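Engineer: Here are the chains, one letter per residue:
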Amino acid sequence: MSVAVEARGWWGRWRAENQGLIEEWRRSLYRFRQSRLSVLGVAIIIFLLFVAFTGRYWVPYPDDAGFTTHVEIRLQGPSRDNLFGTDEYGRDVFTRTVWATQTSLIAGTVIVLVGGFIGIILGGIAGYFGGRVSEVIMRLTDIMLAMPGIFLALAITAALGPSILHAMLALSITWWPGYCRLVQAQVLSVREEDYVEAARGIGASRPRIIFNHILPNCLSAIMVKASMDFGFAVLSLAALGFIGVGAQPPVPEWGAMISKGREFLPYGWWYSTFPGIAMFLTVFGFNILGDGFRDVLDPRARR
Amino acid sequence: MDNDLLVEIKDLRLNFRTFDGISKVLNRVNLKIWRGDILGLVGETGCGKTMTALSIARLIPCPPGEIVGGEVFFEGEDVLHKTDEEMRLLRAQKLAMIFQDPTTSLNPVFTIGDQMIDIIGSRTDTSKASRLSMLGSLGSLIPTVRKLRRGARERALEMLRRVGIGDAAERIDDYPHQFSGGMRQRVLIATALSGTPSLLIADEPTTALDVSIQAQILRLIEELVDELNLSVLLITHNLGVVAKMCQKVAVMYAGVVVEYGSAIDIFKSPKHPYTIGLMRAIPTYGTKKGEIKGIPGTVPNLLDPPRGCRFHPRCEHAMPRCAEEPAPAPVAAGPDHEVSCFLYS
Amino acid sequence: MGDTLLAVKNLKKYFPVRGGLFRRDIGSIKAVDDIDLTVEEGQSFGLVGESGSGKTTVGKTILRLVEPTEGEILFEGRDLCKLSESEMRHLRAEMQMIFQDPYSSLNPRMTVKRIVGEPLLIHKWGKGRALEERVRELISLVGLMEDHLFRYPHEFSGGQRQRIGIARALAVEPKMLILDEPTSALDVSVQAQVLDLLLELQKRLNLTYLFISHDLAVIRYICDRVALMYMGKVLEVAAVEDIFQNPMHPYTQALLSAMPVADPEYQPEEIILEGEISTLGGQEGACRFGPRCPARDTARCGKEEPMLQEVEDGHLVACHLYD
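Residue numbers (the numbering used here), protein chains in the order written: chain A, 1 to 303; chain B, 1001 to 1345; chain C, 2001 to 2323.
A portion of the hints provided could be inaccurate.
[What the hints assert, rightly or not] Pairs of lysine-lysine residues, derived as BS3-like cross-links and limited to a Cα-Cα distance of at most 30 Å, are as follows:
no., chain 1, residue 1, chain 2, residue 2
1, C, 2012, C, 2303
2, B, 1293, C, 2175
3, C, 2113, C, 2203
4, C, 2009, C, 2203
5, B, 1094, B, 1147
6, C, 2203, B, 1293
7, C, 2009, C, 2175
8, B, 1293, C, 2113
No wet-lab data here; the hints were simulated from the structure.
Being a predicted model, the structure only gives us computed values, none of them experimental.
Take the sequences, apply the hints, and build the full model.
Structural biologist: Structure, rendered in structure tokens:
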């Protein structure tokens, strides 16, 4: 247990000062690695990130991401030239699927971040201050939860005009109720912990209590939800695309591609199938990652 | 084989697999419980008291637990080599157990009557037991089951009255949250003793209770022990309770029974340095300020216990051989008084 | 003994009980019902009682972690109840609390250094080097090691955690500590270590203790003066030896007799009380202990609430037996 605290350069000093933290991370990593499935989740996500951010440099037909037509090869099945086949304009489905990965991941991130941020703020306020403020916020949350978010998003996008940006925006502002609920419940329980009372006892101010004592102890639950949620955010965006209020042609987007491909399903199975598989992979990957997170961060598993 | 010997644990060794390594929870535990005795098992948190008790009922979760050596006999029968069904019957008919927290030992969604009837039912043979518990209250629609349940209910009422719940007939259909802590512990005692047990394992039965309620419960246990001719294994860290209740005491430290003897011997002439330290650590009647002394240091990590005697790093009499030689075997320090320490061998 | 450091007068804390469809107040739990306490400087004052007696609420109310319903809390002559929230925050440096459960009273996401250093930061004792020096000093004061500084609470045993809590409480040199069952979650050998530490610190730093506990042996070991609480009321106050040698209130007598003594040869005759403490307040205008009292006089005890009065020199009892 004893580690020499003598400073050997800044690295040695950093290690000595953060040995508790390092130990913590090593344990977490160990526990995470215990479950194969979550490691698979990480692998899937790393793969997706790689595809998303390098994809446009190595796809075979970068031009196909826009408005090009090759009528002579329209709706061809998978072949060596077109791994995932071609669509009704003769564009390469592989190129477009890869291209769409980036859109989906960025959109997912934005939606979860914005929604999470609003939710944490509102939930935090409701949980910590309680009383009438909490009543108002929580009833609003209830109303939002009672309404399917996708319909609201649909209405917003319809009003603003269909575009991928508007779809992201609409989903972001309908995404917070879940987080609000979660954070409020978490804050309520953490607030009753003795160490929060102890912090009040040493004279800590409200912001200090909230930011140093309450929120860090709610973080693990939020992270678990966010990682599980990410897949659903991607899915919802695709749903808007499917209905036609999300990404507009020619921008490649999984939902829109599946929707379009549906028309040609009887004789072009590949058109819908490959974007579908990509979507499945994303949702699946983030879900099992969330499971892994929960195993690592669950306070009951600690000690 | 001595007929008066109810439980004998010989050289029991138990490991627990954790993600930090293998925790050597019990290291050659030896323990005897004679018929009619109340044996106090004393020790600090994590010293293996509960695990020792659970090994008698073979209730240690395996995995992560693993019994690496030793034997456990109950009424002369080898507990570790019985089939699961034999064990279930043994637990149901011969063993009674009560635990520290009377709140979590009762299921909040069933009335105490239903819970007691289920357990009383399970004390009979399997076919009846499964019929009783699987059907639950619905079973009352079938005449034979109804008869069984009625019998069990009678028994439950009788036991509740016996443990001092006067208005048993009215309370039996109440839910656990309608009872106070002391009352819940009474219900649990009634349930545990509803069979024909010969051993009661009481694991910190009064730790969660207030002093005046503790006194009530201890008195109740004493009375029941006399009446039902029970032997008791009383696990506690409260030396006062031990002094009050027990004829025999076993002191455990870090997975080893370091001293065993009559209560008088243990309290009046303790031999093992740990027992001596423990006696010095408790304020009693008339202790003045500065007169008690803690044992320096902390309980060892069982993942990597000290070699030799597990107590030697905290022991003021530690000798070189305490760290070098394997753990000391128990030696007699008087009639029916055993101590595991190199000072006496 | 010295001057009065803390005086509590007519302290009341009622928790509303809400019920019905619109969550109206339908009554109240009288957790603390009109109590007076005087703690002198340098003294260890014990507050004893079973769970539900209101002793913890008294401690928290004095620190205004729970707002009192009524009454005065005079600390060095200043009424704490009249202070604004920010004035109170400053005053908290003078009075600190040690909690019962060492597992939940330390923030699991902070290192020992941050936990112990936090009060120093809040009360602007210093930063960087100076702060670190002070934290190291405190850590060694409570008997922990330097390389514990950067570890997280869950890596420590219960006794060590309680030491961390003590270091945090002592950081800004308070005059008074309110200790809420500081050793009841600890094992005996560790309990003795912590009690010794507390005694030593008291001598060294001239601290005043308000020691809350249900363990009479511990109270006797630590305290100079004791108040015994039952259902929000103080039933008996006396010097610690008086309480143990000459308990006057029937409840005190019963509690003392029921306290298990670690001596198999000396087992006093027990007075076993019937029934249990009830949380829902007793009958208005009756002795709260009446229903369980072995010496009750139904006519009087059921009609008239006994007042706390001095029966012997410095020995106060609230019981009709001594009227």
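Engineer: Each hint should be assessed against the structure and marked as holding or not.
Structural biologist: Comparing the hints with the structure gives:
1. C:2012 <-> C:2303: holds (22 Å)
2. B:1293 <-> C:2175: Answer holds: residue 1293 of chain B to residue 2175 of chain C is near 26 Å, not above 30 Å.
3. C:2113 <-> C:2203: Distance of about 25 Å is within 30 Å: holds.
4. C:2009 <-> C:2203: Status holds; Cα separation ~28 Å.
5. B:1094 <-> B:1147: With Cα atoms ~24 Å apart, residue 1094 of chain B and residue 1147 of chain B stay inside 30 Å; holds.
6. C:2203 <-> B:1293: holds (17 Å)
7. C:2009 <-> C:2175: holds (20 Å)
8. B:1293 <-> C:2113: holds (29 Å)
In the structure shown, no violation is registered for any of the earlier numbered hints.
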